[in-house]
Amino acid sequence: MPFIELDALEKAFTVRRRAGLLRREKREVRAVDGITFGVERGEMVGYIGPNGAGKSTTIKMLTGILTPSGGRLRVAGIDPARERTRLARRIGVVFGQRTTLWWDLPLRDSYRLVHRMYQVPDARFRENLDRCVELLELGDLLDVPVRQLSLGQRMRGDIAAALLHDPDVLYLDEPTIGLDIVSRTRVRSFLRELNADRGTTVLLTTHDLTDIEQLCSRVMVIDHGRLMYDGDLTGLHESGGGERLLVVDLATAMPPIEDVPGARFVRAEGPRQWLAFPATSSAAPLVAAVAAAYPLVDLSVREPDIETVIAKMYGGTREERRESLT
Amino acid sequence: MAERTAAEPVARREGAAGVAGPGRARLVRRGGESWRTYRMVAGMWIRSTMTYRSSFALTLFSSFCVTFFDFVVILLMFGHVEGIGGFAFAEVAFLYGTAGTSFGLADLTTGSLQRMGRRVRDGSLDTFLLRPAPLLAQVAADGFALRRLGRLTQGLVVLVWGLLLLDGVTWTPLKVLLVPVTVVCGAVIFMAVMVVGASAQFWIQDAAEVTNSFTYGGNTLLQYPPTIFAQELVRGVVYVVPLAFVSWLPALYVLGRPAPAGVPSWAAFASPAVALVCCGLAGLVWRAGVRSYRSTGS
Numbered sequence: 086m087p088f089i090e091l092d093a094l095e096k097a098f099t100v101r102r103r104a105g106l107l108r109r110e111k112r113e114v115r116a117v118d119g120i121t122f123g124v125e126r127g128e129m130v131g132y133i134g135p136n137g138a139g140k141s142t143t144i145k146m147l148t149g150i151l152t153p154s155g156g157r158l159r160v161a162g163i164d165p166a167r168e169r170t171r172l173a174r175r176i177g178v179v180f181g182q183r184t185t186l187w188w189d190l191p192l193r194d195s196y197r198l199v200h201r202m203y204q205v206p207d208a209r210f211r212e213n214l215d216r217c218v219e220l221l222e223l224g225d226l227l228d229v230p231v232r233q234l235s236l237g238q239r240m241r242g243d244i245a246a247a248l249l250h251d252p253d254v255l256y257l258d259e260p261t262i263g264l265d266i267v268s269r270t271r272v273r274s275f276l277r278e279l280n281a282d283r284g285t286t287v288l289l290t291t292h293d294l295t296d297i298e299q300l301c302s303r304v305m306v307i308d309h310g311r312l313m314y315d316g317d318l319t320g321l322h323e324s325g326g327g328e329r330l331l332v333v334d335l336a337t338a339m340p341p342i343e344d345v346p347g348a349r350f351v352r353a354e355g356p357r358q359w360l361a362f363p364a365t366s367s368a369a370p371l372v373a374a375v376a377a378a379y380p381l382v383d384l385s386v387r388e389p390d391i392e393t394v395i396a397k398m399y400g401g402t403r404e405e406r407r408e409s410l411t
Numbered sequence: 059m060a061e062r063t064a065a066e067p068v069a070r071r072e073g074a075a076g077v078a079g080p081g082r083a084r085l086v087r088r089g090g091e092s093w094r095t096y097r098m099v100a101g102m103w104i105r106s107t108m109t110y111r112s113s114f115a116l117t118l119f120s121s122f123c124v125t126f127f128d129f130v131v132i133l134l135m136f137g138h139v140e141g142i143g144g145f146a147f148a149e150v151a152f153l154y155g156t157a158g159t160s161f162g163l164a165d166l167t168t169g170s171l172q173r174m175g176r177r178v179r180d181g182s183l184d185t186f187l188l189r190p191a192p193l194l195a196q197v198a199a200d201g202f203a204l205r206r207l208g209r210l211t212q213g214l215v216v217l218v219w220g221l222l223l224l225d226g227v228t229w230t231p232l233k234v235l236l237v238p239v240t241v242v243c244g245a246v247i248f249m250a251v252m253v254v255g256a257s258a259q260f261w262i263q264d265a266a267e268v269t270n271s272f273t274y275g276g277n278t279l280l281q282y283p284p285t286i287f288a289q290e291l292v293r294g295v296v297y298v299v300p301l302a303f304v305s306w307l308p309a310l311y312v313l314g315r316p317a318p319a320g321v322p323s324w325a326a327f328a329s330p331a332v333a334l335v336c337c338g339l340a341g342l343v344w345r346a347g348v349r350s351y352r353s354t355g356s
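Heads up: the protein sequence lines correspond to chains A and B, in order. The first sequence maps to residues 86 to 411 in this note's numbering. The second sequence maps to residues 59 to 356 in this note's numbering.
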């Protein structure tokens, strides 16, 4: 049996909207509309989708904050809605936009509260704390009041706080949002190690496709409360017909590069040109071909962002799809 | 999912519901957990406040001043009249003191509950739900403020003063016992009202003001002899919101005066039972509130 199991999970909200001076309109919004999937122990899964797709609602049901309105849900064999506090000991949660740390107190004090509230054995707690401090480079920050930490430092502090009680599952909601590149890299490598060493199951939602690429072997795409895709990242690009962009800077402005096999000329701007190529194929032969025929100065490869991939996957932009649905 | 019977964090005081066997064991365990959680969270808040020491000292001082001037008003009144509604100064002080101490206790321990509306609105209640600890204890201890000691101290001072001044009372063991029982039960009833008020904030986000009118308003009402108020108001306070049990009825018995508005005399001893019932009701309302929060989200 999978470690996390969702079976036709549903969540409907009733939204009251003002539809006139006094009249109020009731409308049912299906934030999660029949999602089924399973996650095995030790998997690292990316859970992605546009804003309002139902990602956070799913996470809230998985943690027991929200009660599903239909379907079945089990995490580590526990029904989250029924036994929320029992489940709480086995999961760690990081909401990227909301801190669980104590604003006016040193980081250390927040950790002490976790220690006592989760009743972590002393030796175990010390070991976990030392490990987090080392890997997340928190050593100098432990005695600093949280309000004085930068966003990246606080995020690392939050991640540590979620792991001190040895959770089996870690949910991360936008863990790299607003972080600079150094902090992002540090957070990612920490998560990778955590998953490899401890076998912690990780489920993360993100807008950053690089997070997924570097961390997750499996990705799930959700939109309008439905699971649209479940598989690896390559497959996502394939099914989306996604294209990557090769941006080349030539020595001088040149006529469009149209003679390189496997690439499609998109546009040019002075010496800079944009070439599209299938997301599933490698950029290396393409770069070699361009370099052989043109005076190449610099280059970069752009990944398609999630919005674009999803939009391509189902045709049209999100707005168009929304219109067609209503 | 409506048939869910899950153990929601219910007031530790609901443990008084008188369940037998394994149910009672569970309640006792839950009560212990709640108390532990409460102490931990309150401790964190005290530490937080102490990081701004001078600000803490100032608020403590101003809080004491505000409540002290409240009493000065009564003193001034008595400077001009012999008594209020047929009650002598010592008797009014006694009434004021019992209600004030009860309210002070409740305000100190669960006064933070009125902040909960904000937690619901900005969604930070979610982080409480993620902890392996009873929710009500976490919410009650959220923003725990020692400055509220000011109110309690003031209530106690007036109570002791009133007791020292009372001379027409023949003290029996029953009356002596009744004073602390009254204060504690009163505090519990106020707490229950605060829990109900907090629960209402799950549905109505600005219910805090309504609750305040019952708690702060009730406190003010009870500080004066019931004879000065309209009979209808007194009846409402006795039967609709059982606030009269906080101090009026037992205190009037201690003073050897008849109960107001045709309330039977045994009602003076009903405080513990009324407190129990209030807790049970508050627990149920709280549970319904949490359930509705968890099925609608923020």
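Be careful, since some hints might not be right.
What the hints assert, rightly or not - Derived Cβ-Cβ restraints for the label pairs, each shown as a range: (1) A:281 - B:112: 48 to 54 angstroms; (2) A:167 - B:239: 48 to 54 angstroms; (3) B:261 - A:167: 19 to 25 angstroms; (4) A:270 - B:179: 23 to 29 angstroms.
Calculated from the structure, these hints are not laboratory results. All C-beta atoms in this analysis are idealised placements derived from N, C-alpha and C, irrespective of residue type, glycine included.
We went through each hint and held it up to the structure:
1. A:281 - B:112: 48 to 54 angstroms: At roughly 50 angstroms between Cβ atoms, residue 112 of chain B and residue 281 of chain A fall inside 48 to 54 angstroms, so the hint holds.
2. A:167 - B:239: 48 to 54 angstroms: Violated, at about 39 angstroms.
3. B:261 - A:167: 19 to 25 angstroms: holds (23 angstroms)
4. A:270 - B:179: 23 to 29 angstroms: Check failed, 36 angstroms falls outside 23 to 29 angstroms.
In summary, the structure is inconsistent with hints 2 and 4 from the numbered list given earlier, while agreeing with the others.
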